[in-house]
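Visitor: The residues making up each chain are set out below.
Number of protein chains: 2
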Amino acid sequence: MSIEIDYHFPAGVNAEKQAKIIAVGQTAGTWDARFSHREEALKSHLAEVVKGITQPDGSSLVTIRFPEINVENDIPSLLTMIFGKYSMAGVGKVMAVRLPDNYGRYPQVGITGIRERLNVFNRPLIMAIFKPALGLSAEDHATILQEVAGAGLDIIKDDEIMGDLDVAPTLKRLAACRRVLDKVKAETGRNVLYAVNVTGSADRLIEKARLLVREGANALLLNVLTYGFYVLDSLAADGEINVPIFAHPAFAGAICAAPNYGMAYSVVLGTLMAYGGADAVLYPAHYGSLPFEATEEGRIRDILRRRGVFPVPSAGIHPGIVPRVLADYGNDVILNAGTGIMEHPDSPAAGVKAFFEALARVKEGQSFAVDKLPDGALRRAIEKWS
Amino acid sequence: MSIEIDYHFPAGVNAEKQAKIIAVGQTAGTWDARFSHREEALKSHLAEVVKGITQPDGSSLVTIRFPEINVENDIPSLLTMIFGKYSMAGVGKVMAVRLPDNYGRYPQVGITGIRERLNVFNRPLIMAIFKPALGLSAEDHATILQEVAGAGLDIIKDDEIMGDLDVAPTLKRLAACRRVLDKVKAETGRNVLYAVNVTGSADRLIEKARLLVREGANALLLNVLTYGFYVLDSLAADGEINVPIFAHPAFAGAICAAPNYGMAYSVVLGTLMAYGGADAVLYPAHYGSLPFEATEEGRIRDILRRRGVFPVPSAGIHPGIVPRVLADYGNDVILNAGTGIMEHPDSPAAGVKAFFEALARVKEGQSFAVDKLPDGALRRAIEKWS
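Residue numbers (the working numbering), protein chains in the order written: chain A, 1 to 386; chain B, 1 to 386.
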């Protein structure tokens, strides 16, 4: 099988010409008679324009097929080929990337593995984010975790900007939280995953990830786009790092937000993550606090699930939108809330309870209208956020 | 010192509001009375809006100052903080990043080291790119190198899309070319640098880079933006990898090309590369084949030089534009030509000679008008390209 890429050009661009520039310029390039002895090899590297469609608004969508032999079965070499130099050529956006099934990686843990580790199979998972993002002590984190884990939370994660700071070392935070996870396990039998933000420079990140896992991290969070797909690949490939990797979308807008430049969100947060080794991927939900298209969100969901990767619609998620999320996603979704849990008017524990009440009401087909809700955590959440 | 970032918002955006969202949302976030005991620590992480200017066209430029304690003295954590989640918030572009001098890295080799290794101190350097990009054998590469190195070339590099392919292994290419480099050294005493494209997945890239250096690679090429600044940092930090790292701009357009999204080219190819550990940085020249603004090119040049990093204006460089490049750059520039050398009407060797003729003519203040040029490589080049 081969690699097929859809490029979009706005009206006014000679898409046919651009497609040829890509097919030649991003592969073998041109050659003259001096290389006639290598003609066959040179041709075997050329890409091919498969299709060009002019759309009703005058814009064009062209499909180009690249030979697999040009790349190294990973995301970095793929990006260099499909949009390396050409990204600087002017207007044009990568809308879809179709890869052979055996390209890149499948998740090591994925939907199935995350459910097995939690022993939760028949409902969406509830996930929280430590807030405030910076400025808490390790013990503050443990206190918060105790509250939300005690209320039934499945997963918690560091905020993506919480690194391994002098004033807040990751290992110290993990140690304090690990004691809470062990306590919850002992008292309730429940596993709670804590996705620890793995950071670091100068080739020490992988080593640190191994250390975190040895010290009890049962999940990792990675800012894939600021550290690079190479780092995701390295974590996923590592035999010692046998915990799910949660991919954070930080910086995705720098590549995806412009209408006619860069790459579609569904390519970066869908395809590249799903073939890059992520076990679960966070991305903006269209009902949330960031501008995001429902169709693009749907594409990401489907692309991730086809590879067994857990979709995690995020940003602005609160208990009031659970009916909409479940209508779009069904059970295989992680409901990820930051302030939507941590800033519940009563407490973070009430925030978690509100989500579980919401799940139960959806299951029973009950109304979310405030006046129909019994007193309790969900009603208080709806009063605040809906 | 602190970290200052300039964000640009088009007319119609409430820049003051957005600036506050960034200053809080990209740092500590919000908190309530429960965290009053941590008030001081929380506040120490907040960013501060320093300045906001409304420009004549109605657009705004706001400057935000971030605490250094929030990041890990590297590029990935910096990107997560200044534009991580916020990149997905809508329209807005990072126009400038000002870092403390001691942030990140200085180049290990840089302008001074590259000149020392070549023993060339008082003129621009001439660099070529192997073309065609894919489809040649290792011996083809050696033949080409013999030709251009024999003609006085200073540096050659792999095309950025030439990876370590089954049909063209990097080590084999290096071995064939290394023999040529040794021969040139023995015959002429001249060193020629060959920037070998370093690629690889699953945490093996650094190991491969070490192997390449052991096998005689005297420079490396890295697609920094597709592999990640983490990889650049890892290469620069490695004690065994004591060769200059040439940073390629592949994929930069995906982040930089849109007018109102992402980050300016001068941030990504200037500041981030200069503080990220690159020794020389390639970027489009405004007189070349890619659309690029002269002011942005000038910014990149100045930012790189301030850190001792070699500027390498590229893409569409041919001997006819040497006078313009030298007027803009003076001596400390690497003139990097692909087809501008390899597709010289006579031969690649003539392509190299044409560049040296051009340097000599500029030095003597002589005209580049075709009818003023003596017969020879430069005239033939000008006839083709000017």
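Please keep in mind that the hints were generated in silico from the structure rather than gathered at the bench. Beta carbons are placed, not taken as given, at the ideal position from N, Cα and C, and that holds for glycine. One thing to keep in mind: the hints can contain errors.
As the list claims (entries may be wrong) - Taking lysine-lysine and the BS3-like style, the derived pairs with C-alpha atoms no more than 30 Å apart in a straight line are:
| id | chain 1 | residue 1 | chain 2 | residue 2 |
| --- | --- | --- | --- | --- |
| 1 | B | Lys-20 | A | Lys-384 |
| 2 | A | Lys-172 | A | Lys-185 |
| 3 | B | Lys-208 | B | Lys-185 |
| 4 | B | Lys-43 | B | Lys-20 |
| 5 | A | Lys-43 | B | Lys-384 |
| 6 | B | Lys-185 | A | Lys-384 |
| 7 | B | Lys-363 | B | Lys-384 |
| 8 | A | Lys-20 | B | Lys-43 |
| 9 | A | Lys-208 | A | Lys-183 |
| 10 | A | Lys-185 | A | Lys-208 |
| 11 | B | Lys-384 | A | Lys-384 |
| 12 | A | Lys-384 | A | Lys-372 |
| 13 | A | Lys-172 | A | Lys-183 |
| 14 | A | Lys-43 | B | Lys-51 |
| 15 | B | Lys-17 | B | Lys-51 |
| 16 | A | Lys-51 | A | Lys-185 |
| 17 | A | Lys-51 | A | Lys-17 |
| 18 | A | Lys-208 | B | Lys-43 |
| 19 | B | Lys-208 | B | Lys-172 |
| 20 | B | Lys-43 | A | Lys-172 |
| 21 | A | Lys-43 | A | Lys-17 |
| 22 | A | Lys-208 | B | Lys-208 |
| 23 | A | Lys-17 | B | Lys-384 |
| 24 | A | Lys-51 | A | Lys-20 |
| 25 | A | Lys-43 | B | Lys-17 |
| 26 | A | Lys-43 | A | Lys-20 |
Claimed, not checked - Pairwise CB distance ranges (calculated):
| id | chain 1 | residue 1 | chain 2 | residue 2 | range |
| --- | --- | --- | --- | --- | --- |
| 27 | B | Arg-204 | A | Thr-112 | 48 to 56 Å |
| 28 | B | Ser-2 | A | Pro-56 | 30 to 38 Å |
| 29 | B | Pro-291 | A | Arg-65 | 54 to 62 Å |
| 30 | B | Asp-302 | A | Gly-216 | 22 to 30 Å |
Unchecked claim - Where chain B lies over chain A, by a calculated footprint (3+ residues, C-beta under 8 Å):
| id | stretch |
| --- | --- |
| 31 | 317-326 |
| 32 | 365-377 |
Visitor: Need the list of violated hint numbers for this structure, in ascending order.
Guide: 6, 8, 11, 14, 16, 25, 27, 28, 29, 30, 31 and 32
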